[in-house]
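**Student:** Protein chains in written order, with this note's numbering: chain A, 1 to 292; chain B, 1001 to 1257.
Derived by calculation from the structure, the hints in this document are not laboratory data. Owing to the predicted nature of the structure, the values given are computational and were not obtained by experimental measurement.
Not close to chain B: a few residues of chain A, all C-beta gaps over 12 Å, as computed: (1) E54; (2) L65; (3) V203.
Example chain B residues on the side facing chain A (calculated, C-beta under 10 Å, incomplete): (4) W1014; (5) A1026; (6) P1027; (7) A1079; (8) V1095; (9) I1099; (10) V1112; (11) T1199; (12) I1200; (13) L1216; (14) L1225; (15) H1230; (16) L1247.
Beta carbons are placed, not taken as given, at the ideal position from N, Cα and C, and that holds for glycine.
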Amino acid sequence: MRSALNSSRLARAVVLGTPLALIFVLILGPLAITLVVSFWQKIGFSMRPAMSFENYAAFFSGTRLDVLLRSLWVGVSAAVVMLLLAYPIAYLIATRLRTALVRPVLFLFAVPFLVNYVVRTFSWSELLSRTGPVNTGLMAVGITERPLDWLLFSDFAVYLGLVTAYMPFMVFPIWLSLSGIDRRLVEASWMLGEGPLATFRRVVLPLSMPGVVAAAIFGFVGAFGEVAVSQILGGTGYQLLGNTIQSALNTLDYPLAAAISSVATILMLALIVLWARIFDLRLLLGKIMGRT
Amino acid sequence: MTMTRGKIANLLGWSLVALVLVFLYAPLVPPAINSFRDVGEGGLFANYAAILSDDRLMAAGRTSVIVGLLVALISPLLALLAAEAVRVWRIPRLVLGVILIPLFVPGISMGVATALFFQTLGISPSLLTITAVQVIWALPFAFLIILTVMANFDPIQREAAYMSGANRIQAFFEVELPQIHPGILGAAIFSLILSFNETIRTSVVQGGQNTVQTYLWSQYQQVGLSPNLHALMTILIVATLLLLGLLALLDARQTRR
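For reference, chain B alone in the conformation it holds in the complex:
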């Protein structure tokens, strides 16, 4: 009796999981369908072609790529150094407490705060301010990922390196880094995805620059969604899924090892 009841509960539970996943993935579909509507004479991909001839959008795309790469470079580096500081100085609660704050501050508040901060310093909105606000957003994720891989690294190997005559820097680059580098690469891809998908924080500090996401958001607020914006959203979704696929591939290779 209890056996069957347990089985029914399990079945109900997994049905809930499946249903939730349907609700989570359903919103990824409509942009793709809409992007092929109203194409007129221009052929099936007319809305995609329209993106290429939109100068403002292409400029926003360049900004997105530059900022994304900067964030993917800076966040993991800062996260790695912070994780190392945690280990050396044994101050995990303080560092973790501060780095995780941006996860819990409403996006628009963090945007306002960063904008005021740069205004006070006399730095006008630019690629730099956009990069800064996105680094702060990506950092908690990058930090948690890197802490996790570093926790899996046995410190005794570093001790062994010291005893074999390596100094700290050699021990890090020759013994530890080769083992944790997939985690760092994962943190970089994760940061790139977060940067690429950020809207609200960026929209407060963007000034005259647009990223693809803030362009989409401001177009929605000013004139509504046009068919080529659906094409744009499709591209953004597909690009994100491809990056996530890369992340999954990396993870699978790592686990198999």
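One chain only, chain A, in its complex shape:
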């Protein structure tokens, strides 16, 4: 009996442990090796193991440093714009919608997120071009006489592309944390004499922060490491961090690409760890995780 119990426990450990180990290796292995390679040296078209900081020195100087600083700024400001749109949307869905309509409306935001964003970005370059429908329409109505130059190959176009690429998905974590808020807390605030605005500011907003911050990190990282949107909508020379990695790859400089990737990954991990430390994740994931 005892050995039967032990062997069934062993079988379970193998059946569940193997795939879990595979997942951990497939996700953490690449990130760890990237960190190692980031200290290697590039020789010709190949690379050699070393313990050198030259890739980091090359990253933190000259134009690449400018790109890093710009990516940080674009990442933060785009994430703020995305939040300003995603939060009211998630709030309306969570609080002002009949239960039967919640899933269909959330689905409406999932659809565009799932259509390849590179394809959607190509469409924006078409829509915003000098001869595109937006400019043609504006001229036909008489709002402008000549095509607007700032529509394409501009900050405006890049932000539009980034927001439409990443914002739809941010609705979900925010909605998740808003819909998990105990209604009685809101009612208690009302009964204690707070108005709707104060109730929102002091009860609803703080309780929804786990979802808001998770969404913000997602939007920030997306914009920060972007490749396609900046290349298609930003025009020549518009670079975000992803483009620097891409150009390092184009010259087969894997150690440099690894160093830039490692900086991005470490920054992101720091944000996630901070997030997990500050917030009680059960607030956000309680619904998903059930009783575990």
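Mind docking chain B on chain A? Use the hints.
**Tutor:** Frame of chain A, contents of chain B only:
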């Protein structure tokens, strides 16, 4: 007074939602319109017909289908086993923390990391590396979907199965699986859609193989977008919408039950 103000705020709010949806759906339209331009003598669907005679593109299409099916098979399976491990060993934070990482790493960085990983192991770029990078990308979504359906399953039913003499495996296959299988199917379709629409991660590990998306991306970078690429994009959008329709249908049937 406050009543009307609330109503106005509501109206403004829903107008914002509608406006945002217009901006989100507008980019789905231009490829379809452009795909019927410059058709010349070949008839209305000339650009679509041109796809069929493009051997490289057809090969990329086969790769996309094979990889997509593999991802749709592997991701939900790994997600299901990981979710089961979470429940058995009570380590939700660790497993969730690791599986969600790919959501928060820039796509190109994850691509570079995976490429270096396989290079170190001496595995050259192939269908396998493409599948691996896409499984890692689809896994967080599949995992969250499966965790959600498993949370809706009352564990007391499993206890009941044990008391009726079922072992763990029987209890899972005969009691739990029939109830959570729509969620697993949903995770599979979701993974297929994500695989089918992935570009940047794949482009770093693809080697000589192309998927439809990386073919599109490399053509754009080398020669720009031609009319038959607009036809291709239209097909990709329509295929994605059809798969999403299937997902919605499945979901509606599930909720009605």
